[in-house]
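Student: The lines below spell out each chain.
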Amino acid sequence: MASAAALSVRSTATVGDFFALLKPRVMSLVIFTALVGIVVAPGAMHPLTAFTALLCIAVGAGASGALNMAYDSDIDALMARTAGRPIPMGRLSREEALGFGYALAAGSVALMWLFVGELAAALLAFTIFFYVCVYTLWLKRRTPQNIVIGGLAGALPPAIGWAATTGSLSLAPTVLVAIVFLWTPPHFWALALFRSDDYARAGVPMLPVVSGKRATRWNIFAYSLILAPLGLTPAFIGLGGPIYLACATALGAWFVWQAAAVLRERDESREPAARRLFGVSLLYLFALFAALLFERLAHVAPLGGWI
Amino acid sequence: MDEQSRAELERRRRSIALALVLGALVLLVFLMSIVKWGGHILP
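Top line first, the protein sequences correspond to chains A and R.
Its first residue numbered 126, the first sequence is counted upward by one per residue in my numbering.
Its first residue numbered 172, the second sequence is counted upward by one per residue in my numbering.
Hint data in this document are derived by calculation from the structure and do not stem from the laboratory.
Computed from a predicted model, the values in this text were never measured in an experiment.
Glycine included, each C-beta is placed from N, C-alpha and C at the ideal position.
Possibly wrong hints are sitting among the right ones.
[Said to hold, decoys possible] Derived contacts from chain R toward chain A, CB cut-off under 8 Å, selection only:
#1 Asp-173
#2 Ala-178
#3 Arg-184
#4 Ala-188
#5 Val-197
#6 Leu-202
#7 Val-206
#8 Lys-207
[Said to hold, decoys possible] So these bits of chain A aren't anywhere near chain R, every CB distance computed over 12 Å:
#9 Ala-138
#10 Phe-143
#11 Val-151
#12 Arg-216
#13 Arg-266
#14 Ser-293
#15 Val-300
#16 Ala-426
[To be verified] So the derived label-pair ranges between C-beta atoms look like this:
#17 His-424/A - Met-172/R: 20 to 30 Å
#18 Leu-196/R - Ala-415/A: 25 to 35 Å
#19 Glu-179/R - Val-425/A: 54 to 64 Å
#20 Lys-207/R - Ala-208/A: 42 to 52 Å
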């Protein structure tokens with residue numbers, strides 16, 4: 126039987142609390158990368174089908190966020206960054222979030238299957254499974270490689286978008302996935318550098334907590350050295366054109382420069398370079414995908430595929 | 172506004188939001204059915 130306190134918690138949940146469960150900021154990046162996957166893929170799709178595909182990806186990402194918040198509500202309450210979320214604040218119960226998340230996950234996959242395609246639906250289901258089961262329930266509290274492996278879930282949306290348009294996968298969407306996959310560790314390790322006390326308090330084994338800040342800085346730098354040239358790849362496989370190549374070159378150099386600044390950083394209490402890299406990494410991914418989108422919409426021909 | 176009226180107001184807002192979402196979903200399914208199978212799927 127539900128206690129009076131639990132009933133009181135349920136009764137104060139606002140529409141905004143349910144919306145916050147969807148992690149709208151994370152969702153916006155997922156929507157954008159999926160949109161690029163849809164648009165740059167060869168072939169045409171009915172605009173309403175494209176809208177449905179994007180909606181399903183957005184709702185699937187939101188469902189993953191809600192389930193993540195439900196399963197991680199105990200550690201969210203211990204971290205300053207996440208303590209204000211609806212469940213730790215007591216505005217929503219864990220059970221409500223679980224029901225909400227699973228309903229949205231099932232609904233988004235079913236809708237994708239019915240109206241867009243089997244492959245896109247299967248990829249969406251795999252992405253939700255990977256984020257919730259592999260990342261949240263298995264890796265996050267066990268290994269400092271949590272975000273390296275778990276990053277695959279956040280990297281898949283461009284491939285889902287591509288599969289929604291073409292019904293298949295190829296080298297091009299794999300390269301887009303690889304870019305987001307290798308972008309994820311330096312992005313989250315930059316955050317972990319200036320939030321390491323938070324993660325330590327919650328017992329989450331992020332790299333700075335387990336291996337120290339020095340090792341984290343070197344890892345960020347190493348990943349940036351791999352990411353920058355990988356970011357150029359779309360221009361050599363017939364996906365990106367001259368504008369993309371110019372943007373990817375400049376953005377990659379900027380990313381490595383900022384990662385080098387993190388490596389040289391001596392202010393371990395405020396970590397200004399890591400804060401800067403966190404912002405720059407967001408801009409990097411957004412601008413890289415925006416360049417692809419712009420070229421396709423402006424009918425700029427891609428450079429000849431070299432591979 | 173006391174806690175009970177605030178809870179009542181939030182419950183009403185949640186109900187309206189749910190109704191709007193379900194309405195939009197029905198419309199989307201209707202339109203997508205036409206896009207995918209055409210307007211003559213019944214014999």
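Student: For every hint, state whether the structure bears it out.
Tutor: Tested hints:
At about 12 Å, the closest approach between the beta carbon of Asp-173/R and any beta carbon in chain A exceeds 8 Å, and the interface hint on this residue is violated. A cut of 8 Å between beta carbons decides the hint on Ala-178/R: the least distance to chain A is about 4 Å, and the hint holds. The closest approach between the C-beta of Arg-184/R and any C-beta of chain A is roughly 5 Å, which is under the 8 Å cut-off, so the hint is satisfied. Interface restraint check: Ala-188/R against chain A, minimum CB-CB distance 5 Å, threshold 8 Å, status holds.
Because the closest C-beta pair between Val-197/R and chain A is about 12 Å apart, greater than 8 Å, the hint is violated. Restraint check, Leu-202/R versus chain A: the minimum CB separation of about 6 Å is within 8 Å; hint holds. With its C-beta approaching chain A no nearer than about 5 Å, Val-206/R sits inside the 8 Å limit, and its interface hint holds. The interface hint given for Lys-207/R holds, since its Cβ lies 6 Å from the closest Cβ of chain A, which is under the 8 Å cut-off.
At the 12 Å boundary, the C-beta of Ala-138/A falls inside the reach of chain R, the nearest C-beta of that chain being 7 Å off. Non-interface call for Phe-143/A relative to chain R: violated, since the shortest CB-CB distance, roughly 8 Å, does not exceed 12 Å. Chain R leaves Val-151/A outside its interface by the beta-carbon criterion, the shortest separation being 20 Å against a cut-off of 12 Å. The beta carbon of Arg-216/A sits about 10 Å from the closest Cβ of chain R, which is not more than 12 Å, so the claim that it is off the interface is violated.
At the 12 Å boundary, the C-beta of Arg-266/A stays outside the reach of chain R, the nearest C-beta of that chain being 32 Å off. No Cβ of chain R comes within 12 Å of the Cβ of Ser-293/A; the nearest lies about 19 Å off, and the non-interface call holds. No Cβ of chain R approaches the Cβ of Val-300/A within 12 Å, the least distance being about 30 Å, so the stated non-interface status holds. With a minimum CB-CB distance of about 30 Å to chain R, Ala-426/A clears the 12 Å threshold, and the non-interface call stands.
Taking 20 to 30 Å as the suggested C-beta distance range, the pair His-424/A and Met-172/R does not conform, at roughly 56 Å. For the pair Leu-196/R and Ala-415/A, the supplied restraint of 25 to 35 Å holds, since their beta-carbon distance comes to about 30 Å. Taking 54 to 64 Å as the suggested C-beta distance range, the pair Glu-179/R and Val-425/A conforms, at roughly 56 Å. In this structure the hint that Lys-207/R and Ala-208/A lie 42 to 52 Å apart at CB holds, the actual value being about 45 Å.
Checked against the numbered hints given earlier, this structure breaks hints 1, 5, 9, 10, 12, 17; the rest are met.
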